[in-house]
Amino acid sequence: MAHDAIVAEELTYWYGELVAVDHISFHVAEGEILGFLGPNGAGKTTTVKMLTGLLKPKAGKAMLLGMDVASNVEKVQGDIGVCFEDTNLYEQISAVGNLKLFARLFGIRPFDANALLKRVGLAGREKDRVETYSKGLKQRLMVARSMVNRPRVLFLDEPTTGLDPTSAEAIRNIILEECERGATVFLTTHDMVEADKLSDRVAFMNEGKIVALDTPHNLKQQYGKRALKAKIATRNGELEDREITLDTPETPQAIRELFAQEKVVTVHSEEASLEDIFIRLTGRGLYA
Amino acid sequence: MNLRAIGALISKDFSLFFRNRFFALMTALGIIFYLAIYFLMPSSVDETLVIGLYAPVMPPAFEQFEEEGLEFQIAESEAALKEAVIEGEYLAGIALPADIMDRFASGQKPKINVYFAADTPEELKDGVEVLIKELAYQETGLGFEASEPEILGPDMMGMQIPPRDRMRPLFAIFIMLFEIFGLAVLISEEVERRTAQALLVTPMTVNDLFAAKGAVGMTLAFGQAVLFMGIVGGMSQQPLIILVTLLLGGVLVTGVGFLLGALGKDMMSAMGWFVIALIILAIPSFGVVFPGTVSGWAKVIPSYYLVDTVHRVSNFGAGWGDIGYNLLILLGFALALVWVGTMALRRKLQ
Chain W
1 MAHDAIVAEE
11 LTYWYGELVA
21 VDHISFHVAE
31 GEILGFLGPN
41 GAGKTTTVKM
51 LTGLLKPKAG
61 KAMLLGMDVA
71 SNVEKVQGDI
81 GVCFEDTNLY
91 EQISAVGNLK
101 LFARLFGIRP
111 FDANALLKRV
121 GLAGREKDRV
131 ETYSKGLKQR
141 LMVARSMVNR
151 PRVLFLDEPT
161 TGLDPTSAEA
171 IRNIILEECE
181 RGATVFLTTH
191 DMVEADKLSD
201 RVAFMNEGKI
211 VALDTPHNLK
221 QQYGKRALKA
231 KIATRNGELE
241 DREITLDTPE
251 TPQAIRELFA
261 QEKVVTVHSE
271 EASLEDIFIR
281 LTGRGLYA
Chain S
1001 MNLRAIGALI
1011 SKDFSLFFRN
1021 RFFALMTALG
1031 IIFYLAIYFL
1041 MPSSVDETLV
1051 IGLYAPVMPP
1061 AFEQFEEEGL
1071 EFQIAESEAA
1081 LKEAVIEGEY
1091 LAGIALPADI
1101 MDRFASGQKP
1111 KINVYFAADT
1121 PEELKDGVEV
1131 LIKELAYQET
1141 GLGFEASEPE
1151 ILGPDMMGMQ
1161 IPPRDRMRPL
1171 FAIFIMLFEI
1181 FGLAVLISEE
1191 VERRTAQALL
1201 VTPMTVNDLF
1211 AAKGAVGMTL
1221 AFGQAVLFMG
1231 IVGGMSQQPL
1241 IILVTLLLGG
1251 VLVTGVGFLL
1261 GALGKDMMSA
1271 MGWFVIALII
1281 LAIPSFGVVF
1291 PGTVSGWAKV
1301 IPSYYLVDTV
1311 HRVSNFGAGW
1321 GDIGYNLLIL
1331 LGFALALVWV
1341 GTMALRRKLQ
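Sequences listed follow chains W and S, in order. FYI, this note's numbering numbers position 74 of the first sequence as 74, with every residue one higher than the one before it. FYI, this note's numbering numbers position 209 of the second sequence as 1209, with every residue one higher than the one before it.
Please note that the accuracy of each hint is not assured.
[What the hints assert, rightly or not] A short list of chain S residues far from chain W (calculated; beta carbon distances all over 12 Å):
no.: 1; residue: L1053
no.: 2; residue: Q1237
no.: 3; residue: K1299
[As the list claims (entries may be wrong)] Here are the simulated lysine to any residue pairs, SDA-like style, with alpha carbons at most 25 Å apart:
no.: 4; chain 1: W; residue 1: K56; chain 2: S; residue 2: Q1197
no.: 5; chain 1: W; residue 1: K100; chain 2: S; residue 2: R1193
no.: 6; chain 1: W; residue 1: K138; chain 2: S; residue 2: R1021
no.: 7; chain 1: W; residue 1: K56; chain 2: S; residue 2: F1017
no.: 8; chain 1: W; residue 1: K135; chain 2: S; residue 2: M1267
no.: 9; chain 1: W; residue 1: K127; chain 2: W; residue 2: L163
no.: 10; chain 1: W; residue 1: K138; chain 2: S; residue 2: L1070
no.: 11; chain 1: S; residue 1: K1265; chain 2: W; residue 2: G16
no.: 12; chain 1: W; residue 1: K138; chain 2: S; residue 2: N1002
no.: 13; chain 1: S; residue 1: K1348; chain 2: W; residue 2: G66
no.: 14; chain 1: S; residue 1: K1348; chain 2: W; residue 2: Q92
no.: 15; chain 1: W; residue 1: K138; chain 2: S; residue 2: S1015
no.: 16; chain 1: W; residue 1: K56; chain 2: W; residue 2: K209
no.: 17; chain 1: W; residue 1: K100; chain 2: S; residue 2: I1010
no.: 18; chain 1: W; residue 1: K135; chain 2: S; residue 2: K1299
no.: 19; chain 1: W; residue 1: K127; chain 2: S; residue 2: F1017
no.: 20; chain 1: S; residue 1: K1082; chain 2: S; residue 2: F1017
no.: 21; chain 1: W; residue 1: K56; chain 2: S; residue 2: N1002
no.: 22; chain 1: W; residue 1: K56; chain 2: W; residue 2: G66
no.: 23; chain 1: W; residue 1: K127; chain 2: S; residue 2: K1299
no.: 24; chain 1: W; residue 1: K56; chain 2: W; residue 2: T87
no.: 25; chain 1: W; residue 1: K209; chain 2: W; residue 2: M67
no.: 26; chain 1: W; residue 1: K118; chain 2: W; residue 2: P165
no.: 27; chain 1: S; residue 1: K1125; chain 2: S; residue 2: L1091
no.: 28; chain 1: W; residue 1: K100; chain 2: S; residue 2: V1206
no.: 29; chain 1: W; residue 1: K127; chain 2: S; residue 2: S1011
no.: 30; chain 1: S; residue 1: K1265; chain 2: W; residue 2: P165
no.: 31; chain 1: W; residue 1: K58; chain 2: W; residue 2: Q92
no.: 32; chain 1: W; residue 1: K56; chain 2: S; residue 2: M1001
no.: 33; chain 1: S; residue 1: K1299; chain 2: S; residue 2: A1336
Think of the hints as simulated: they come from the structure by calculation, not from any bench. Positions of the beta carbon are idealized from the N, C-alpha and C atoms, including for glycine.
Take these sequences, add in the hints, and give me the full structure.
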């Protein structure tokens, strides 16, 4: 049975009068990918700051790899990797220079920066100054930097935002590889599709509280509405949409009648997206 | 303290500092520029005061005045004397009447004309007036029976400071102050570009970060000031005191650098704050270079104790006992500024 890599117990933080994180509790098992979703200002970043030792909780406790983060900051930070949403690289030095600096901070010797850069698709650009990189290349380097110490827990904040599909897919593959290696991944994202694809479980955060936490499948089962959507041709040749809600006692009869009485052109099933569920749970969208 | 992490960050900061062409150039040119000015300035002081004199009859007292460092140059006529003063050949001109000795002998007051150029300092005018009165006393036998003068404190007679040595503390502090700007930019960029955040999720602590930045600031400021003072002979007297003073100065400018780093948002705003700090901190230096231009209030400026100590030690060989109080105050200011700067930065990092 896998141990918990991350445990949050009644974790709380406030800035003056504003309660940013309000008594949240959750755990993430070793090797698990947890998608942490929520709109801007929901408290995601503050939660990550408490988990990574950048902020000391005002109340509650954060445990990483069995250690209390607040009292073992340096030890915890030696075992984690963090990729921030905003690019924060040393742009006047090369990719190799950036990685070597962080390897020295972690005390890793010998360190093969080129191998890591090759892994994130930056082979051939190792010695270029980072200021000459595109957004996608910088993001790849950010991910590489977070992996310098082969972290046991990886915090990734919007790792694919604003990237072209190729770069985004490359980063998703790296996340999955890290997970296969045994790393735990705490993935903060707005991208519901990405969260759905990558996460073992997702947590919805809103106004400082976790409003739902489960596997994407279970959330869809619990909160989503499944439906059958069809396009039918009318007598005057026009197309009309029909929707039949699934999982009700009337569903079989409704489907039989559809095919018996109408000329069905296309038909497909549709299940709720994580975004639909989030809106249903919070009454607001992720970009609100 | 994580020495490994501190070392890595110091190495990175020096690399970034010297990759920035502006800082690299200004650092190199700065020290060359100040050295060049120093060696171009006069290395000795001309202590002779040249006064024009028109004297149809020369009173004997003038011979005594010449022995005391005054040089009189004789003009052919009173009109020629006035012309020479206007032309700037003499700081002052004295025209004696032809009957001066007769008038002295008969107890009458002779009429002596004194001419000054428009820009003659008031102190010199007062001095010449005293000279004329002294002449009268001497010639009429009413001069004081002066006893051997007693100098209270070190006798500075003949120890006038050459202009370049007087400028030496100013140059040294300017070299140090410039490094405030480099340090402030390094720090503000670290905060604003959020690279500090990336550092602080590694085993590096906030205190390690401050230690690394402090070491960079100290090395740049202290190192260059020591180099400059070494080259210009500023450490020929009491080198240990000068080193300690510059070390405390390095701590002081590092504290200011921390504070400006917390206030600045980018290179331009850091420059704005730096100019303000430079103006304030440079004020005491002018008091040393141009005595009398800065009044007592300059003592509330922390850099006063740095400049004053460097000046007194390097130019007059002052010892620990003379400047111990200065160093204590400088230490207090330096620690206070480092504390304020650290608090401001810590707040910003959160």
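Going down the list of hints, with the structure as the test:
1. Residue placement check: L1053/S keeps its beta carbon more than 12 Å from all beta carbons of chain W (closest about 69 Å).
2. Its beta-carbon lying about 43 Å from the closest one in chain W, Q1237/S satisfies the requirement of being farther than 12 Å from that chain.
3. Against the 12 Å criterion, K1299/S stays outside the reach of chain W, whose nearest CB is about 40 Å from its own CB.
4. With a C-alpha separation of about 15 Å, the suggested pairing of K56/W with Q1197/S holds against the 25 Å cut-off.
5. Proposed proximity of K100/W and R1193/S is supported: the alpha carbons are some 19 Å apart, at most 25 Å.
6. Restraint check: the Cα-Cα separation between K138/W and R1021/S comes to about 24 Å, which is no more than 25 Å; the hinted pair holds.
7. For a cut-off of 25 Å, the pair hint linking K56/W to F1017/S is broken: about 33 Å separates their Cα positions.
8. For the given pair, K135/W sits about 23 Å from M1267/S by alpha-carbon distance, which is consistent with the 25 Å threshold.
9. In summary, the hint linking K127/W to L163/W is supported, as the alpha carbons are separated by about 22 Å, within the 25 Å threshold.
10. Distance restraint check for K138/W and L1070/S: the Cα-Cα separation of roughly 76 Å exceeds the 25 Å cut-off, and the hinted pair is therefore not satisfied.
11. Between K1265/S and G16/W the alpha-carbon distance is near 24 Å, which keeps this suggested pair within the 25 Å criterion.
12. The suggested pairing of K138/W with N1002/S is violated, with an alpha-carbon distance near 28 Å, which exceeds 25 Å.
13. A C-alpha spacing of about 31 Å is found between K1348/S and G66/W, which places the hinted pair above 25 Å, so the restraint is violated.
14. Using a Cα cut-off of 25 Å, the hinted pair K1348/S and Q92/W holds, with the two alpha carbons roughly 23 Å apart.
15. Taking the CA atoms of K138/W and S1015/S, the gap is about 21 Å. The hint holds against a cut of 25 Å.
16. The suggested pairing of K56/W with K209/W holds, with an alpha-carbon distance near 18 Å, which does not exceed 25 Å.
17. Under the criterion of a C-alpha separation no larger than 25 Å, the hint pairing K100/W with I1010/S is consistent with the structure, at around 14 Å.
18. About 52 Å separates the Cα atoms of K135/W and K1299/S, which puts this hinted pair outside 25 Å; it is violated.
19. Proposed proximity of K127/W and F1017/S is supported: the alpha carbons are some 19 Å apart, at most 25 Å.
20. The straight-line distance between the Cα atoms of K1082/S and F1017/S is roughly 60 Å, outside the 25 Å bound, and the hint therefore fails.
21. The suggested pairing of K56/W with N1002/S holds, with an alpha-carbon distance near 21 Å, which does not exceed 25 Å.
22. A distance of roughly 17 Å separates the Cα atoms of K56/W and G66/W; the hinted pair therefore holds under the 25 Å criterion.
23. Of the supplied pair hints, the one linking K127/W and K1299/S is violated, its CA atoms being roughly 52 Å apart against a limit of 25 Å.
24. Distance check on the hinted pair: K56/W and T87/W sit about 24 Å apart at the alpha-carbon level, within 25 Å; holds.
25. Proposed proximity of K209/W and M67/W is supported: the alpha carbons are some 23 Å apart, at most 25 Å.
26. For the suggested pair K118/W and P165/W, the alpha carbons sit about 19 Å apart, so the restraint of at most 25 Å is met.
27. Of the pairs offered as hints, the one joining K1125/S and L1091/S holds, with about 9 Å between alpha carbons and a cut-off of 25 Å not exceeded.
28. Distance restraint check for K100/W and V1206/S: the Cα-Cα separation of roughly 20 Å lies within the 25 Å cut-off, and the hinted pair is therefore satisfied.
29. Between the alpha carbons of K127/W and S1011/S the distance comes to roughly 18 Å, so the proposed pair stays at or under 25 Å and holds.
30. Pair hint K1265/S plus P165/W does not hold up; C-alpha atoms about 34 Å apart against a cutoff of 25 Å.
31. Among the hinted pairs, K58/W with Q92/W is inconsistent with the structure: their alpha-carbon atoms are about 37 Å apart, more than 25 Å.
32. A distance of roughly 20 Å separates the Cα atoms of K56/W and M1001/S; the hinted pair therefore holds under the 25 Å criterion.
33. Only pairs whose Cα atoms come within 25 Å are accepted, and K1299/S paired with A1336/S is accepted, the gap being roughly 16 Å.
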